[in-house]
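Novice: Single-letter residue listing:
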Amino acid sequence: MTATTQANPAAASHVRAVRTGRIIVWSAAAIIAFCLMFAPFLFPDVRAQQVAARICVFIVLAASYDLLIGYTGIVSFAHTMFFGFGAYGAAMALKSMGAGFDAIFLGGAAGVALAALLAVAIGVLSLRVKAIFFAMVTLAAASVMMVLASQLSDFTGGEDGIVYSAPKLFSPATKLLTDDNGKVLKILGVSMNGKVAAYYFVFLSCLLLFYALVRIVRSPLGTVLEAIRENELRAEAIGYRVVAYRTAVFVIAAIIAAIAGVIWAVWLKYTGPESTLSFAIMIDILLMVVIGGMGTMVGAVLGVVIMTLAQFYLKDVMAAAAEATSGLPLVPHLVDPDRWLLWLGILFILLVYFFPAGIAGTLMKKGGH
Amino acid sequence: MTTPSLESRDLTIRFGGHVAVNAVTCAFHPGELTVIVGPNGAGKTTWFNLMSGQLRPSGGAILKNGRDVTALAPSARAKAGMGRAFQLTNLFPKLSVLENIRLAVQARRQLGPRLFRPVSAFPQLVRKAEEHLAAARLEKVAHMPAAALPHGDQRKLEVALLLAMEPDIFMFDEPTAGMSVDEAPVILELIAAIKQDTSKTILLVEHKMDVVRALADRIVVLHNGELVADGPPDEVIALPIVREIYLGIPAEDAA
Chain V
1 MTATTQANPA AASHVRAVRT GRIIVWSAAA IIAFCLMFAP FLFPDVRAQQ VAARICVFIV
61 LAASYDLLIG YTGIVSFAHT MFFGFGAYGA AMALKSMGAG FDAIFLGGAA GVALAALLAV
121 AIGVLSLRVK AIFFAMVTLA AASVMMVLAS QLSDFTGGED GIVYSAPKLF SPATKLLTDD
181 NGKVLKILGV SMNGKVAAYY FVFLSCLLLF YALVRIVRSP LGTVLEAIRE NELRAEAIGY
241 RVVAYRTAVF VIAAIIAAIA GVIWAVWLKY TGPESTLSFA IMIDILLMVV IGGMGTMVGA
301 VLGVVIMTLA QFYLKDVMAA AAEATSGLPL VPHLVDPDRW LLWLGILFIL LVYFFPAGIA
361 GTLMKKGGH
Chain S
1 MTTPSLESRD LTIRFGGHVA VNAVTCAFHP GELTVIVGPN GAGKTTWFNL MSGQLRPSGG
61 AILKNGRDVT ALAPSARAKA GMGRAFQLTN LFPKLSVLEN IRLAVQARRQ LGPRLFRPVS
121 AFPQLVRKAE EHLAAARLEK VAHMPAAALP HGDQRKLEVA LLLAMEPDIF MFDEPTAGMS
181 VDEAPVILEL IAAIKQDTSK TILLVEHKMD VVRALADRIV VLHNGELVAD GPPDEVIALP
241 IVREIYLGIP AEDAA
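Residue numbers (my numbering), protein chains in the order written: chain V, 1 to 369; chain S, 1 to 255.
These are calculated hints, taken from the structure and not from any lab test.
Just so you know, these numbers come straight off a predicted model, no measurement behind them.
Honestly, I wouldn't trust all of these hints.
What the hints assert, rightly or not - Straight-line Cα separation of at most 30 Å, DSBU-like style, residue types lysine-lysine; simulated pairs:
1. V:Lys95 to V:Lys175
2. S:Lys195 to S:Lys208
3. V:Lys195 to V:Lys175
4. S:Lys79 to V:Lys130
5. S:Lys140 to V:Lys365
6. V:Lys365 to S:Lys128
7. V:Lys269 to V:Lys95
8. S:Lys208 to S:Lys140
9. S:Lys79 to S:Lys128
As the list claims (entries may be wrong) - Ranges of calculated distance between the beta carbons of each label pair, as one might list FRET restraints:
10. V:Val214 to S:Lys140: 25 to 33 Å
11. S:Gly17 to V:Arg19: 53 to 61 Å
12. S:Ala148 to V:Pro329: 46 to 54 Å
13. V:Val129 to S:Thr3: 36 to 44 Å
14. V:Leu342 to S:Pro93: 32 to 40 Å
15. V:Ala48 to S:His151: 51 to 59 Å
Glycine included, every Cβ here is placed at the ideal spot set by N, Cα and C.
Just chain V, with the same shape it has in the complex (with noise of 0.2 Å):
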């Protein structure tokens, strides 16, 4: 390394930024985990709350769509759809069965089974044909699926979902902890109800699930993925069998998409189609795994809090920013609230435009496409 960097002043600078890119990066994750980590004492309202479990289990999806269109370059829009299968089969056992830990766990592994089966099926099947083919395919099942959803509403509630309760121990009446007068104890002025265990649980299986998505970038299965991506042909050429490679990580993906979609159902205690099939999460999905970067895992972190706080904040932001210039002319109107989604589309482009590789991808010279 030495050697090279003396030889070479360009790739030195090279070397240097891709330093500082990294320490910018990898600061901005850790603030994110911080502030997740603590997020009920941090922001203890509850539309802070349902923010902060949204990026958690946003953070799993999207890097698990990252695994597969950043890692391996597989190109797919039934993510949402094996989050979805998780999340019905979840929510329609907790429905029928009652609130408890079995019922999530049940019918938890009975959507995750169907999204793998499913997985294996769609990859086996298509993952031999061009990317476009397979796309399309992918499309077309999920949309079967959402329509499935709607009309199939005597088991999924149809367009309304399915609402139901969640295990006890997530309830706001259940008292975690009690000070000597039998009452919830606060810490720094947050009841430890069962709110706050609904979050932790939120926040550590993401955790675990984020964690293991590293790992298998990091193993020698990730490099593989890496040159399917990046050579399909000359992966082939040196012993990879490509369409089972491809096909292994597409279940991979899906089976951590579910896991992430009964995570979901248990905090949102609803699931219907809007909150987990609908392709505007897929959309989103995507733009959060395109703005953070492909092929950086941290890039999912990074585009999921970016995303999610402008989808939830940025209508206040400007509301605020408008109450402060309405005494100037056209200023306000700009900047009104009902406006929102034109500089939300303002901000994407700005982020498209100044970080060609996404946010992390740009800054740490890597990734893909």
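Once you've looked at the hints, dock chain S against the given chain V.
Specialist: For chain S alone, coordinates are given in the frame of chain V:
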């Protein structure tokens, strides 16, 4: 006669009406370095593609150690010990040089279902990759992405990938193409070193006559998709048809 390590039996491929490789029959044996020559468009690379599995033949068969491998995918052939380097550099551009080589080392090793263990948990893989890296004199660029290498180094990496596969059969397709005079010897030394191991079979497409003379045990000539000559270097080079193909001298004048 022992079983050939590699055999092309009546291999034929047609693209529409054009017959690119026409009933080529040829057997290769361990310890033998065969140079394949022929003008551009003679079908050398296509023939290689048929043997290493990138193309499916319209007819004929490929046998490795007497076993028919015609129906096997390229990856299965690679696992069976048939290795191939490409004429047009064919690397993993965004991966580092070391990762490129490690992939080739890794391909034939059974790592088992250890999905979650980092690369650093397999030091023997990395060590082996570093050996091949050093052999190809690429240590200084080990951590650079393959796409950032100068052409000569990319050619070396192309060959290093084949070496790192540790095959029984080496197929080199113009390994020194476009390399400078200072760089080409590195590759030729590598090939000469493989030749020391008499269990290996080497096939080499090459144009440079000095290379051919220095390395070849045998020369096979392809012309218009057909095998037109096969024999010891001195004899083949002296053949009128070879002179005609290479020098454009009509056979009767040369004779």
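Novice: Look at each hint and say if it fits the structure.
Specialist: Hint by hint, here is what the structure shows:
no., hint, verdict
1, V:Lys95 to V:Lys175, "holds, 24 Å"
2, S:Lys195 to S:Lys208, "holds, 18 Å"
3, V:Lys195 to V:Lys175, "holds, 10 Å"
4, S:Lys79 to V:Lys130, "holds, 25 Å"
5, S:Lys140 to V:Lys365, "holds, 20 Å"
6, V:Lys365 to S:Lys128, "holds, 27 Å"
7, V:Lys269 to V:Lys95, "holds, 10 Å"
8, S:Lys208 to S:Lys140, "holds, 28 Å"
9, S:Lys79 to S:Lys128, "holds, 17 Å"
10, V:Val214 to S:Lys140: 25 to 33 Å, "holds, 30 Å"
11, S:Gly17 to V:Arg19: 53 to 61 Å, "holds, 58 Å"
12, S:Ala148 to V:Pro329: 46 to 54 Å, "holds, 53 Å"
13, V:Val129 to S:Thr3: 36 to 44 Å, "holds, 38 Å"
14, V:Leu342 to S:Pro93: 32 to 40 Å, "holds, 38 Å"
15, V:Ala48 to S:His151: 51 to 59 Å, "holds, 55 Å"
Figure legend: structure checked against the earlier numbered hints; every hint is met.
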